[in-house]
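> Single-letter residue listing:
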Amino acid sequence: MTFLSRHLLGIGHLSVGEILTILDLAETYVEFNRRPTKHDAALAGKTQINIFFENSTRTQMSFELAGKRLGADVMNMNAGTSSLRKGESLIDTALTLNAMRPDLLVVRHPDSGAVNLLADKVNCSVINAGDGNHEHPTQALLDALTIRRRKGKIHGLTVAICGDILHSRVARSNMLVLSKLHNRVRMIGPATLVPRILTELGVEVFDSMQEGLRGVDVVMMLRLQRERMTGASIPSFREYFHLYGLDVEKLSHARQDAIVMHPGPMNRGVEIDGTIADDINRSVIQEQVEMGVAVRMAVMDLLSRTRVESTDNGSDSAPKRHAAGSETVP
Amino acid sequence: MTLVLANAMLVDPEADTVSAGSLIVKDGKIAGRDSGGEHPSDAEVIDCNGKFLAPGIVDIGVKIGEPGERHKESFRTAGQAAAAGGITTIVTRPDTNPPLDNPETLEFYVRKARAATAVRVRPMATLTKGRQGKEISEIGLLSDAGAVAFSDCDLPVRDARTMTRCLAYAKQFGKLVVGHPQDPDLSANAAATAGSFAFMKGLPAVPPVAERMGLERDLALVEFTGAGYHADQLTVADSISVMERALDAGLDVSAGVSVHHLTLNELDVSDFRTFFKVKPPLRSEEDRQAMVHAVSKGIISVISSMHTPQDEESKRLPFAQAASGAVALETTLPATLRLHHSGDLSLPALFRALSFNPARRLGLNCGRLAVGTPADVILFDPDVPFVLDRFKLKSKSKNTPFDNQLLQGRVLRTFVAGKEIHGSCCGF
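Here the protein sequences come in this chain order: A and B.
At position 297 of the first sequence the residue is numbered 297 (this note's numbering), and the sequence of numbers has no breaks.
At position 381 of the second sequence the residue is numbered 1381 (this note's numbering), and the sequence of numbers has no breaks.
Simulated from the structure, these hints should not be mistaken for laboratory data.
Where hints are given, some of them may not hold.
Among chain A residues calculated to face chain B with C-beta under 7 Å, some are [stated by the list, open to error]:
1) Thr47
2) Gly132
3) Thr192
4) Pro195
5) Thr199
6) Glu200
Straight-line C-alpha distance at most 27 Å; calculated BS3-like pairs for lysine-lysine [what the hints assert, rightly or not]:
7) A:Lys121 to B:Lys1392
8) B:Lys1396 to B:Lys1419
9) A:Lys121 to B:Lys1396
10) B:Lys1026 to B:Lys1419
Note that beta-carbon positions come from the ideal geometry of N, C-alpha and C, so glycine has one too.
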């Protein structure tokens, strides 16, 4: 399977083959990351710049670690210290960074579509690390990998995504991955946070956790985006927890072997009960973090290969390889 | 001085006919028609080669950058663009900086316009001072200074009491109030129309009901005050039945639609293309079709360009932050001709919405081919195909959603008061 995309801007642009290629390669990186020595040269000599216009500790660290384990030179740029504070436009920031000839830009931005805009203006590959309420493709891919490893497959499952769907780029990207791979997607939450038009997109919508969780294989909780709530979408956090917080009683409606996921960071006592989050038999939240590094390594590896193939034809670049099981990816 | 525009197909929106003939122009006014005989020996005869001659477009709701944003559009460039687009009267918006809310600024504005362009410029003034929605503008003095209608443009007057007073006061002067029907709370910060497209793109969205709410409020107050009211743009199917009821009830109301809402839909935005960001945002295909139908039924009587020049910087931003609006003086005719080519609107029906109705609504003596009216006419070929190159537009700003699109129909010559302001004399 070949991987043709130049950027990873969203799941919407990926074919099923590309998604599976990423997951298969990420599998090999999971094993690789569990070795005592974690160093590969797939991105040796490449420059990766992480630009986060919106704060995020875990995602930025995950991308940084992924790049470093593949041998890239990694730089971080945070909006708080950047010239954006001095009024520089997004485009000018992009052009400035582009002039430094990076090979990979990892971008997070608070506005939907901002990463697409930036990708139009640069010569290197761009990875969307979350743009507004639009997409967060690597999160959805790492979720898919986590599910596949736990359930042994990533098709024909019923997955419930619960909570603040409206403000969640994770929900959108997950919905796209899961439907492309032929899973049933349910979305559960109050009418103010789960638009009913979602039924037009082939999603089942529920306003009751008990009904929506009935028989599901995977329960995906979303963080209640306190900072994104414009106006009064819910009356109070305690009412929200009462109706939609995942506790033992609500989880009992799901399949006995259902797994519980959360993209983090968690609001314990708002959307998820602490005892469930810590239950190692149900919660795969820590595993998601581990898969995150592997998936990001796979994505960066694949993007750097397409760049080599598309731009350096005939040059002396050696055939790409990586330490762990390159034979799994033709 | 007599001018004969001979051998033309005359598009008469008033008579609802297209007929072969010649148009005779004397002293800047239409003097009559003949079907081919002798002309006075001193007459200048222009052979139209069987192309179409129609009343020039009267465009309600054009934004010009002056004063305040001349880097986006000046009277001169807007005039050139209008002439090239077959628009002979531009009815301008007062959402300038500063806004046109006092007679002194308006007089200056009119003087500058006259000096810069041969296209007729008829200004609207603000309905409330500073478009703040608090105090009524000096409608009397502004009317004396030349204001043809009153509008706060895309800022609806939020306070119903103020709106009631504005309507009652404007009625006293027989002046039209041009409203922007939109609930201000539901539409705050919206960049797209609520629905599955906006959801998947993660864009802040306004539900279509916001327009109906704004329209129903305004129409209730119009009924209460008896004022004359024109809705600048109707864009959603829900609004049409509301408008139809008001027309049936005999209220002094009318409605317009922009060329963009007639020819594009929300899916054109695709991957966050900001040249497709307009206000109100583009709607669903069902809504677009409902607007076309409403124009053909006469429920919407006016088509406007809603020309809104924006520079590159204000469009090269993430979608939600980018400025709204599109230039359209030069694209309105070719784009609306799509509705002619698709069989939705006859040429006379199209020019009723582009020329005749807007002129009549504002009490202007143009938009017709009647004897004694100003010879503001355009000669056009509705069929000639071309691919639009935005950098060839005469507008100073190039923010058109039709860039690189195939369009059909071009203006060959434009006359204002019998004087050619675009065409062969201008190097074409």
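> Evaluate each hint against the coordinates.
Against the structure, the hints come out as follows:
no.	hint	in the structure
1	Thr47	25 Å, violated
2	Gly132	5 Å, holds
3	Thr192	13 Å, violated
4	Pro195	6 Å, holds
5	Thr199	9 Å, violated
6	Glu200	5 Å, holds
7	A:Lys121 to B:Lys1392	23 Å, holds
8	B:Lys1396 to B:Lys1419	24 Å, holds
9	A:Lys121 to B:Lys1396	24 Å, holds
10	B:Lys1026 to B:Lys1419	11 Å, holds
In terms of the numbered hints stated before, the structure departs from hints 1, 3, 5, listed from lowest to highest.
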